[in-house]
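Peer 1: Going down the list, the sequences are from chains X and Y. Letter 7 of the first sequence, counting from 1, is numbered 3 in the working numbering, and no numbers are missing. One gets the working numbering by counting positions in the second sequence from 1 and adding 1 to each.
The set of hints was computed from the structure by calculation and includes no laboratory data. Computed from a predicted model, the values in this text were never measured in an experiment. Beta carbons: idealized from backbone N, C-alpha and C, even for Gly. Take every hint as true, because none was put in to throw you off.
BS3-like mimics (lysine-lysine), calculated; alpha carbons at most 25 Å apart, straight line: (1) Lys109(X) - Lys38(X); (2) Lys38(X) - Lys14(Y); (3) Lys58(Y) - Lys102(X).
Here are the in silico distance ranges between beta carbons for each label pair: (4) Arg16(Y) - Glu11(X): 43 to 49 Å; (5) Ser80(Y) - Glu11(X): 47 to 53 Å; (6) Gln10(X) - Asn72(Y): 47 to 53 Å; (7) Arg47(X) - Gly29(Y): 19 to 25 Å; (8) Gln19(Y) - Lys105(X): 32 to 38 Å.
Next come the chains, spelled out residue by residue.
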Amino acid sequence: GENVEQHPSTLSVQEGDSAVIKCTYSDSASNYFPWYKQELGKGPQLIIDIRSNVGEKKDQRIAVTLNKTAKHFSLHITETQPEDSAVYFCAASRDGGSQGNLIFGKGTKLSVKP
Amino acid sequence: KAGVTQTPRYLIKTRGQQVTLSCSPISGHRSVSWYQQTPGQGLQFLFEYFSETQRNKGNFPGRFSGRQFSNSRSEMNVSTLELGDSALYLCASSLEVGTDTQYFGPGTRLTVL
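Isolated chain X, as found in the complex (with noise of 0.2 Å):
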């Protein structure tokens, strides 16, 4: 089955520096990748979700990336700010009906330094 390997666990950042996360994924059939923001007590919101037909896509100052053939996608958060700070998660799945499962990452912790 898929597999979703995050890197780096812990990430901490000056204020106003990006923030880049890594993931890579083992099933070749997956072809939908989102991203997750989780602040402490609350369920995990979408921030920004790409699909294996588009290979970045930017909302403001959120980025994301996808090599298909690497199978490995990154979050770029640029210009940071405190409130950026949070768990975020990858995850990714595939179309099939009955395959819409999100295979999620172990996540990582961002600490944005005032």
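Following the hints, position chain Y against chain X.
Peer 2: The following block gives chain Y in isolation, referenced to the frame of chain X:
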């Protein structure tokens, strides 16, 4: 539009008991998935329901079960609770099955003593 709601938010049970958790999806969403989140195992898929039918199931024992009602609301049940069942149980809804975007609720924190 209201988000995914889960009740109760917190629950304390003892070993051997059973528990039922409830999830109301976003209005118009017909697919509901359940996930278990623990510090050791992370987020793990439990099952997915669409049109009152279980479409997909994760690798969990039969003590974990669920159902979906005609209004798309879903419940999950855990019987004969074990200490290791202590976790945050998350419900996510999406418009359809497959790779539609999933939106998560706040979760139910279950503690088994």
